[in-house]
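Asks: Residue numbers (my numbering), protein chains in the order written: chain A, 1 to 721; chain B, 1 to 286.
Calculated from the structure, these hints are not laboratory results.
Please read all numbers here as calculations on a predicted model, not as lab measurements.
Rough simulated footprint, nothing fancy, chain A against chain B, three-plus residues with beta-carbon under 8 Å:
#: 1; stretch: 28 to 42
#: 2; stretch: 91 to 100
#: 3; stretch: 121 to 134
Restraint-style ranges between C-beta atoms, simulated for each label pair:
#: 4; chain 1: A; residue 1: Leu21; chain 2: B; residue 2: Ser179; range: 56 to 62 Å
#: 5; chain 1: B; residue 1: Glu213; chain 2: A; residue 2: Arg165; range: 47 to 53 Å
#: 6; chain 1: B; residue 1: Lys226; chain 2: A; residue 2: Ser30; range: 38 to 44 Å
#: 7; chain 1: B; residue 1: Lys226; chain 2: A; residue 2: Ala146; range: 28 to 34 Å
#: 8; chain 1: A; residue 1: Ala161; chain 2: B; residue 2: Glu28; range: 24 to 30 Å
#: 9; chain 1: A; residue 1: Ala161; chain 2: B; residue 2: Ala258; range: 45 to 51 Å
#: 10; chain 1: B; residue 1: Pro261; chain 2: A; residue 2: Arg165; range: 50 to 56 Å
#: 11; chain 1: B; residue 1: Ala258; chain 2: A; residue 2: Leu21; range: 32 to 38 Å
#: 12; chain 1: B; residue 1: Lys226; chain 2: A; residue 2: Gln206; range: 53 to 59 Å
#: 13; chain 1: B; residue 1: Pro155; chain 2: A; residue 2: Arg165; range: 15 to 21 Å
#: 14; chain 1: B; residue 1: Ser179; chain 2: A; residue 2: Arg165; range: 32 to 38 Å
#: 15; chain 1: B; residue 1: Asp26; chain 2: A; residue 2: Ser30; range: 45 to 51 Å
Sample of chain A residues lacking proximity to chain B, with all beta carbon distances greater than 10 Å (derived):
#: 16; residue: Glu61
#: 17; residue: Ala168
#: 18; residue: Arg185
#: 19; residue: Asp188
#: 20; residue: Ser220
#: 21; residue: Pro400
#: 22; residue: Ser409
#: 23; residue: Arg501
#: 24; residue: Glu520
#: 25; residue: Ser593
Glycine is no exception: its CB is placed at the ideal position from the N, C-alpha and C atoms.
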Amino acid sequence: MTERVDHRVRDDRSPLDPAVLAGAESFARSWATAVIGSSYVPMTRAEVAQHLQDLTELLVEALFASPFRTAPGYEIGSRLVDAHFTGTDTLGRTIQLLGDDLLAELGSAGDDRLQSRLAALQGALAAGYARALRERTLAEQEAIRAAVLDARDQAEAMLRASEARFRAMFTEAAIGIGIADIEGRILDVNQALQDMLGFSVEEMRQYNVRDLMHPEDAGSVWRLYDQLIAGECDHYRAEKRFHRADGEQVWTHLTLSLVRDDHGEPQYQVAMIEDVTDRHLLQNRLRYQALHDPLTGLPNRALFLERLGRVFNNRAKHVRAGLCYLDLDGFKVINDSLGHDIGDQLLVEVGRRLDHSVSGEGKLVARMGGDEFVILVEGSTGEQDIVDVADRVLTELEAPIRIAGHELSVSASIGIVERQLSGTTSADLMRDADITLYWAKADGKARWALYDPERNAREVARFTLSATMPRALERGEFYVEYQPLVRLEDSTVTGVEALVRWQHPEFGRLAPDRFIELAEETGLIVPLGRWVLRKACEEARRWLVEFGDAAPFVSVNLAVRQSRDPELVRDVKRILDECALPPHHLQLELTESAIMGTADEPLEALRALCDMGVRIAIDDFGTGYSNLAYLKHLPVHELKIAGSFMEGLRAETEEDPVDSQIVATLVQLAHALGLGVTAEGVETPAQSARLLRLGCDTGQGWFFARPGPPENIDSLLRGDL
Amino acid sequence: MMGGNGPNTNEVGRVERPNWAPGDIDLERPSVARVYDYYLGGAHNFAADRAVAQQTLEMMPDLRRIVLNHRAFLGRAVRYLLGRGVRQFLDLGSGIPTVGNVHEIAQSVDPAAKVVYVDLDPVAVAHSRSLLDGDERVNVLQADVRDPVSVLASPEVNDLLDLDEPIGVLMIALLHFVSDDENPAGIIGGYRDRLAPGSFLVVSHSGYEADEETPELREVRTVYEKAVTRTTLRNKAELTRLFDGFELVEPGVVRLPAWRPESPEHPDASGRPFPGFCAVGRKAQR
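Start from the sequences and build out the full structure, keeping to the hints where you can.
Replies: See the structure below:
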C-alpha cells in the first residue's frame, strides 16, 4: 500500500536534529521493552534493540519527509514480520506506543500536522504488517503442506520399494510359490513354480488347486487342505507329487499357509513348493541298494523281512502263504576248493535260476546271506503249491553249472512251510522254515522237507528235556527201579537190573528211551550214570546186609560215553568202597557196539573192572554186529539176549523154529565161550519153559516181574509173593 | 522435536499403533513438532495442531513464554558452544525449522559449521529437507533419537560429522517425551560413549520440584497428553543424574531463564519459578 497523503510538511525540524535523534533513540528503547517476549525472534536483546532503532529512524525520517509518503510505514510493518515479530501483541503494543509516546519523545507533542502524518504512518505500518504476516502465513502453510506431500511421497516411495523387494523375492525365489484364493482359484505363481511344473502363469490360472491332485497323494494331504481352507489350521507341510506339463512327475515338499483378512477370515492360500525329485530319486536308489543283494541283484534279507511283515499286516482271514528256505548242499566245499570268486559266480547263477523258476505275482526270491535263499509265495492254496515250487527249483538246479571251465553240480536242501496266516507270525514262519531246512539236510540233502508240527513238537520236547536235565538231576527228579534177573532152573532171584526213570514235572514219568540218548548227546550221561551206579550199589549193599548170601547182584547199564570216560574205573572203585559192596555184587551192562567198537583204552578199563571182580555183561546181544572171534578175548561174563528173539517163543502152542534155533545157537555159543546167558523180554510161561529147555541160564521180563521200587525186590527175596 | 514418545495411549489406555510409525501421516492428529511451531508463532501447522495449542494457551497463557524460553536457551547454548570452539552439532528432535535454527546461529559465527537435524516426524523431516536443500553443511535424518546406534551409524551423520572431533549434542525440549521405561540415561550414554572428549551435551527439560505443581500445570499437561503424547517431567535432581559422565558447565542445572542470561538485569519476570530445567555438560578428557 503506497497511499500518498497530502499533508504539507513543516521544515523547521529535521530528522537529523540531535534533539530528534536523541528522542528517537529513547523511543526505540521503550519500543524494545514493550515488544520483547511478545514474539519469538531469534535475536539477542541487543540485536532486537538495534533492529528497532533502525526502524525508528526510518519512521522519524518518514515523519519529516517532504513530500510525505506512507510507504516507509508499510515497510516497517513488513520488516517487523520479517524479523519474526509475528505475535500480534507486538503490533498492538507498537501502534499504541507510537501514538502515545513518539511525538512527545521527539519534542513535537501537540503538532497536529505531525499527529496527522503519524496516524497515516501507523495505518500504513499496520497494513504492511498485516500484509506481510498474511504472506508469511500463506507461505508457511504452503511449505508445511508441501512437506506433507513430500513426506507422503517419501513414504509411498518406501512402500513401493518395499513392494518391489517383496515382488522380487516372489519372482526370483528359487522355491516355487503360488497364491490362490480360498475357492482354490490360482491367482499367481512365480517363475520357479512355472519352471517346476512346466506350465506358464496363464495356464496355471486356468487351474483350481484341486486340479493338482495326484493319485498317489496321501489322504492326509487333502484332508489337511480342507481343514486349512475352513480356517481350522493355518499351515501344514506335506510330501506331494505333481504332474508336470510334459507328463513327468515332480516330487515336492509342500508348505501351504493360510492368509487371513483383517477380520481373521480365510482370504488366500500361499503354497511354497520345493522340488525334491532328485533327492527322492536318490533316496529310491539308496533304498534299492539297501534292500537288494549286490551280488545276485535279488532282494536281500531286509526286503524279504519287510515284505513278509507286510504280508502279515495285510492278512485277511484264511489267507495263506508259504516259504521255501533253501540252502545249497556242500557250497562250502566249492568255495574252499575253487575259491570265493567261483563261489560267488555260482551263487549268481543259482540266484538267476531261482528267479527264473519262480516268477509271478506274489512270489519273491531273496538271498538271505551266504548260500541261503528264500522263496516267499503269497496267497498259496495249500502245501502242494509250495511243494511244486520246491520241485521246480530242485529240477532247475539239476543241470550242471559251468563256471570258468568247471562243471559244477549243485543240489539244494529246502525247508517248506505253508499255512494260514492267522494264528501265526512271520517269526514263527521263518523259524519253522529254518527247522525244516535242517530236517531236509539231516534226511540226506538234495531234497525238500515239509514242516511237520508233530516232529517239531518231539524235537521241541527233546530240546526241553535236554535243557532241563541238569537241573532235574540236582532236584532229584530221577529215581531207580529194579527188575529181577531170575535163574530159570529154580526161579531164584540172582540179580536185579537197575533202570533209571525220570519223574518229569511236566511230562510225567519218563522211560530211559526218552532221555538217555539226549543225556549221551549232552554229556550229562556221565554224572547221571554215576548217580545211578551209586544208588544201585547202595541198594545192593542194603540187600547184602539184609539177606546175606541170598542177596542179588545189581546190574547197571553203562552208556557208551560212560564206558569211555577215563574216570570210570576210579568212580566204580570209589563207589564200591564207599558202599562197602563186594565187586562181584555189581554187574555192568554194555551194548555190543560199546564193547566191540572200543579202542584199547576202554577195553583196558573193562579188564581192570573185571580184574577187580566186577561182572561184565553184553546187553541186547544179537542186535549189533559182534566180532565173535574178538568176543573170545573180551573180559565178559554174561550175554543178554535181546528181547526181540523172544517173539517166536511166545505162543503157548507153536514156536517159530527160526527164533528158537537162534536162541539155541546163542546159548550154545555163550556156553562154549564160558559165559552165562540171560534172556530179556520174557513175558509168558511158554517162553520161560522153552528157554529153560534150550539151556538158557537166566530170564528177565514181565513174566517174572516188572521193574519196580527196591521194596518189591525185598518182598521177592523174603518170599512174600 | 520428536514425533512422539512410546506407544500412544489414548481412550481406555489401549495401546494403539505407535505414532512414530513411518508413513503415518495423519493431519487429524496433532504433532509435537507442529504444536510447538504454533507456540512459536509459526504457521507450519494444521487445524488439529492449532486446536490443541489454542486450548492449552487459553488454560495457561504463560505457555508461550515457556516455549520461547526453551528456544532462547537453544540460542544461548549454541552460541556458548561456538565460543568453546564447537563447530559440529547434532540436533536431536529438531522439529519444524522456523527461524533461529541451529545452523543459522552457527553459520553466522562460522560459515563452515556443520549441523545434522534428527527427527522422526516425517513431515518435519520433509520440511527441513526442502528448507535446507542445497546447504552442504546441513543434513536431515529421519530416525528415532532413542536409538543412538542407528543415529550415529547413519550416513547423514557420518558423511558430515567427524565423530573424532567435539560435537554439540542438543536435546532441547526432548527428554520429557522419553519415559523412564525407555531408559533416558541409557540413550544419553549411547551418544556419550561414542562422542570425542570435549563434546557437549545440551539439555532443556520441562519439570518442576514436587511442591511447585499447580492445578493449572497439571491440567495443561493432561490436555496435552491426551491430544498429543505422553510426557515425563523431571526435577533438578533427576536431570542432574542424566548428566552422568559429563562435567556440568557453569551454572550447572538451573531453570531455563537463569542459564547464562544475556543481561543480568533481565531475569525471568513472571515471579513464579520457571517450570523447566536446563544444563550443558562437557564430556571429560579421558
